[in-house]
Amino acid sequence: MNPPENANDKFAIEIDGLECRYGDRVVLEGVSFAVKRGEIFFIIGGNGCGKSTLLRHLIGLRMPARGTVRYSGRDFTHAEPRERQALLRTFGVLYQGGALWSSMTLHENVALPLELYTDLPEKDRAEVVALKLAQVGLAGYGDYFPGELSGGMQRRAGLARALALDPDIVFFDEPSAGLDPVTSLKLDELVQQIHATLGTTIVIVSHELASIFGIAHRVVMLDRDARGVIAEGDPCALRDGSDNPRVREFLNRRSGAVPAEGSK
Amino acid sequence: MSENKPQARAEAVREGDTLVVHVGGEWKITNPRPAWTSLVEGETVKRIRLIADQLDGWDSSLALFIREARAWSEAQGAAFVLEGLPAGAERLAQLLAQKPAKPPAQPHGLPDLFAVVGQATFKLWVEVKDIAWLVGECAFSGGRFFRGRAQFRWSDCVVEMQQCGAMVLPIVGLISFLVGIIMAYQGAVQLRQFGADVYVADLVGLSVVREMGPMMAAIVLAGRTGAAFAATLATMKANEEIDALETLGVSPIDFLVMPRMTALFLMMPLLAIYSNFLGILGGMLISWTILDIPTSLYWTETKSIIDLSDLSTGLIKAATFGVIIGLSGCLRGLKSDRSAAGVGQAATSAVVSGILLIIVSDAIYAVIFNSLGW
Numbered sequence: 001m002n003p004p005e006n007a008n009d010k011f012a013i014e015i016d017g018l019e020c021r022y023g024d025r026v027v028l029e030g031v032s033f034a035v036k037r038g039e040i041f042f043i044i045g046g047n048g049c050g051k052s053t054l055l056r057h058l059i060g061l062r063m064p065a066r067g068t069v070r071y072s073g074r075d076f077t078h079a080e081p082r083e084r085q086a087l088l089r090t091f092g093v094l095y096q097g098g099a100l101w102s103s104m105t106l107h108e109n110v111a112l113p114l115e116l117y118t119d120l121p122e123k124d125r126a127e128v129v130a131l132k133l134a135q136v137g138l139a140g141y142g143d144y145f146p147g148e149l150s151g152g153m154q155r156r157a158g159l160a161r162a163l164a165l166d167p168d169i170v171f172f173d174e175p176s177a178g179l180d181p182v183t184s185l186k187l188d189e190l191v192q193q194i195h196a197t198l199g200t201t202i203v204i205v206s207h208e209l210a211s212i213f214g215i216a217h218r219v220v221m222l223d224r225d226a227r228g229v230i231a232e233g234d235p236c237a238l239r240d241g242s243d244n245p246r247v248r249e250f251l252n253r254r255s256g257a258v259p260a261e262g263s264k
Numbered sequence: 001m002s003e004n005k006p007q008a009r010a011e012a013v014r015e016g017d018t019l020v021v022h023v024g025g026e027w028k029i030t031n032p033r034p035a036w037t038s039l040v041e042g043e044t045v046k047r048i049r050l051i052a053d054q055l056d057g058w059d060s061s062l063a064l065f066i067r068e069a070r071a072w073s074e075a076q077g078a079a080f081v082l083e084g085l086p087a088g089a090e091r092l093a094q095l096l097a098q099k100p101a102k103p104p105a106q107p108h109g110l111p112d113l114f115a116v117v118g119q120a121t122f123k124l125w126v127e128v129k130d131i132a133w134l135v136g137e138c139a140f141s142g143g144r145f146f147r148g149r150a151q152f153r154w155s156d157c158v159v160e161m162q163q164c165g166a167m168v169l170p171i172v173g174l175i176s177f178l179v180g181i182i183m184a185y186q187g188a189v190q191l192r193q194f195g196a197d198v199y200v201a202d203l204v205g206l207s208v209v210r211e212m213g214p215m216m217a218a219i220v221l222a223g224r225t226g227a228a229f230a231a232t233l234a235t236m237k238a239n240e241e242i243d244a245l246e247t248l249g250v251s252p253i254d255f256l257v258m259p260r261m262t263a264l265f266l267m268m269p270l271l272a273i274y275s276n277f278l279g280i281l282g283g284m285l286i287s288w289t290i291l292d293i294p295t296s297l298y299w300t301e302t303k304s305i306i307d308l309s310d311l312s313t314g315l316i317k318a319a320t321f322g323v324i325i326g327l328s329g330c331l332r333g334l335k336s337d338r339s340a341a342g343v344g345q346a347a348t349s350a351v352v353s354g355i356l357l358i359i360v361s362d363a364i365y366a367v368i369f370n371s372l373g374w
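Protein sequences, first through last, are from chains E and D. In this text, residue positions in the first sequence follow the working numbering: the first is 1, and each later residue adds one. In this text, residue positions in the second sequence follow the working numbering: the first is 1, and each later residue adds one.
Looking at chain D on its own, in the form it has when it is part of the complex (with noise of 0.2 Å):
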């Protein structure tokens, strides 16, 4: 860097009680400076005058320097003087001096047990609260529905079964065939001790129809289509276009919400079918190829002890999964913040309450169907 201009400088000379110091030259922050302690050190005097004859530039490197300067002289009790100073370096000096005003104090060590508590509680409520509301103006829309005033379109319903229909049907597959073969694993290795390799059938066909075909479809639309319907609300929320749905008077829960919760319910008991048959044809590979069971038997077996209780308990868990997935997607879009953060919360929001009502449903389910004898 070829800098003809002089570099920045401070000269003092004493006069009396007086330090008379000189400030010149080109003042820069990327610059060094000369430092106000070097230069008055050892001195005591009553007067300072700064006096800026030869300045070329300025930048807050000067501020700094004055601030210095000030601060030294009055912890000197020295009066300090300011001359030929330009009038926007004396404005950023003024700044620099003026103390901010104190943020108030961060509270230190473990916050509050009964505010965390009571914090988390009303947000709970809250949160109960935003579900209640939702069940309610879904129930309300319903009836619209049936009366046939809900401004409710079968064309958006249909795009929705798609979505979380057809096109889930490949990774709901894949992951049902898998769960199949590891169950039917897992219980030949205890089963075979015994002798009792065909009870695998069993084991699979119940424990498949009951519980893991529908959870396993309940979850992968949770994780899909969950997520999506609380995204694509949020962003329309954010983009105001909920909004726009509003003034043109349209419900956003017969025109929005209802069509998704419509396809979930009619569509999860489809996909729990299609997942329970893929989890008995993992267990059946597996028994025929490992454990030597013919399919016929295996087959038979599996229809000998499934029966319709087992199957409708399957099917009415599925229905209530999709709308619980519908229910927590829409919710969290709809109650999202109005930005790019918010549909980011709003999608991941969505997912884990989604998962966590689905099986704090089974276990409600569980309980039921237990009394229920099914």
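If we strip away everything but chain E, and leave its shape as in the complex, we get (with noise of 0.2 Å):
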């Protein structure tokens, strides 16, 4: 199924002068960045800067007050039920937990969003889950509960679910969030396995700076004061010379210091 080419066709998301708000707190306004297809992209930002509040409008658990977003071209923030339903099958998302429903399995787990919305008979719908379950490296975990899994497990099983429809892109909430420095190097390269074998666009929502120097091509910075987008591009070529010193500070992992000009 290839989307129609047309102008916007190299962008997987665009995201057009959001704003979120709890209320009447606004916490992001004005955001406006496009993502590229078959691109990892980092959305990055202290603590509190919104990250998460973003992640969950542009998958569409909450609505912008302002602003739409389109994901390849199509307009997904005021999008008809029917329209949106087909938007929503285009994207995958792995929660921080995984989110994996906790009364069934693995297997259950990923089988559902095929059961829902393909036709494949039980016996092929069960190998393209085993498949899934493969890719993730979970293969003959099938039959186990998430409660019986590491977080690690978790993460990468709820990776399968997100990936059971083979999605254009797959968003990632905090992925090594509570994992030990090496599983959370091995969701990165497991991150850069799907992407190379798939192509899918990658969307992470993290501050993890060795998975974002590792991985990313590409970064937007977050600002709680600014509430919204300080800095965008290549996250190695920010760190030596964005000329905003907070960019630099929090890809450096210094705080205060932020070195004078020059100094490279």
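It is worth saying that the hints were derived from the structure and are not from the lab. One or more of the hints may lead you astray.
As a list, the in silico SDA-like pairs of lysine to any residue whose alpha-carbon atoms are at most 20 Å apart [unchecked claim]: (1) D/K129 to E/T53; (2) D/K335 to D/T348; (3) D/K335 to D/E15; (4) D/K335 to D/L134; (5) D/K335 to E/T53; (6) D/K123 to E/T53.
Join these two chains into a complex; the hints should help.
As structure tokens, then:
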């Protein structure tokens, strides 16, 4: 299923003038950026800057107060229910703790999207599920319940479920939160592997510097005081040459004493 | 404890208008330390020099001492000079010296009556809106269900039916049986005075079929199933499992609420019939053993007094109670806070509001059935 070729086609996601608020409290305003197709894109920023809020608005769990989100050029924010359903199926989400449905086995978790949205017979479905589980390194764990797995395995199982419908885009909410450095490195490798095999556009909300420098193609950085985007671009370039001291502080893992210009 | 290091000490020497205090030794918050007031008792000076030249170690106790000294000198109007203090200790002392910003004053005495009434009313209004929201969503979901478009899984529904049907048979049976026994006993004591023993069957039969059967089943289910629904949904919400459903384009109402509501709606009337039967059985046992009424007579009397309208009022109520239990359980679960405490609160309030609504609706039905002459 290829979307029609047009000028917007090179962007998987376009965010235009997004304003996010909780009641009267404005968390983000005037947020605009675009994610290119086939990119590993990070949304970064300190605690409380609105990263997770932005994600919740992107995936439609909250309605923005203003602005639009477009997937492959199609308006998601103001979409009719039917169109919205179709767009929802173009992306998968990996939640922070995996958010696996705890009353179902891993197999059932991964199978549910297939059961709801495909006409695959039971046997083919089981094969697809086995493939997805193998893809994330959990072959043979289909009969386990989420509660019986370690945190890292739950995260990977969540990824298998997010990949179930072979989405164009996969969102990750703080994938390495609560994981040890080695496990989180392995998850990063898995992300790269999936990106390389399927060409999936990947959007990751994170503040893990190791992951950011390890796998990100591009980042946007949000800031609590600015209530919006303060930097966009290649993370290494931003670390060394951003004109915004906050961006350099964050990416260099320093506080306060920002070295003067020309220190490199 | 064998401490070789010298204890904290402070010595004051007067030099004209100036009081020079030498601080030394090991300052530890767990050990005793010199008191400033005993050091400067009765002194009046213009200037205080605190010299920390023989310090072996220090912690917050030194900062406390300095704070005390500074406060005293301020009260005296004397100048206060610190010398030779380690930078860390000085910073700590400065932190202590800063007056914390006053938190906003707590309201004293009785809270404003208007505010309390207003907040309670607003909360009630929010709850009414929540109930209306869930009823509306369920109606839409029901519409989708009948058009075959709902993401409704019968397998989930059957599991719930087992949970709120077959699994509660023992407890509902026991309670109904005992309620039958209690009513027969109480009735027998009164009726025997008039030699109307056999009317115990009428008393037990009518009250069990019209009221107690459905009610007992509903209260057991509100405590068992309603709380379980609320806790399950609240935990799912806290774990983002419900978010995961929504981003998959699955309505949590279709997928989670409707199977539960349907299960309760279908199972409650069956449970009520079962409860009726065991209640009557309990009454029969007492009449047979205590009152010497033959079981055949008891059964005939019961059959003669209960007609279809009695049974149907009970069953209509039972189905309504089922919907109420499902609504309050699911609503509290879906609207809970995303935390462990939120789960507990959801379960508690599901049971409380469930039982309250059951009683209220029972009263409403009493009026309706009375005016219908049922």
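**Asked** Are D/K335 and D/L134 close enough, with their CA atoms no more than 20 Å apart?
**Response** Holds: D/K335 and D/L134 sit about 10 Å apart, inside 20 Å.
**Request:** Mind checking the alpha carbons of D/K129 and E/T53 for me, to see if they're no more than 20 Å apart?
**Result:** 25 Å, violated
**Message:** With the threshold set at 20 Å, check whether the alpha-carbon distance from D/K123 to E/T53 stays at or below it.
**Reply:** Not OK: D/K123 and E/T53 at ~26 Å, beyond 20 Å, violated.
**Asked** Is D/K335 close enough to D/T348, meaning Cα to Cα at most 20 Å?
**Response** With Cα atoms ~13 Å apart, D/K335 and D/T348 stay inside 20 Å; holds.
**Request:** Decide if the proposed pair is consistent with the structure: D/K335 and E/T53, CA atoms, cutoff 20 Å inclusive.
**Result:** Holds - the C-alpha atoms of E/T53 and D/K335 are around 19 Å apart, at most 20 Å.
**Asked** Quick one, are D/K335 and D/E15 close enough, alpha carbons at most 20 Å?
**Response** Violated, at about 72 Å.
Checked against the numbered hints given earlier, the structure breaks hints 1, 3 and 6 and satisfies all the rest.
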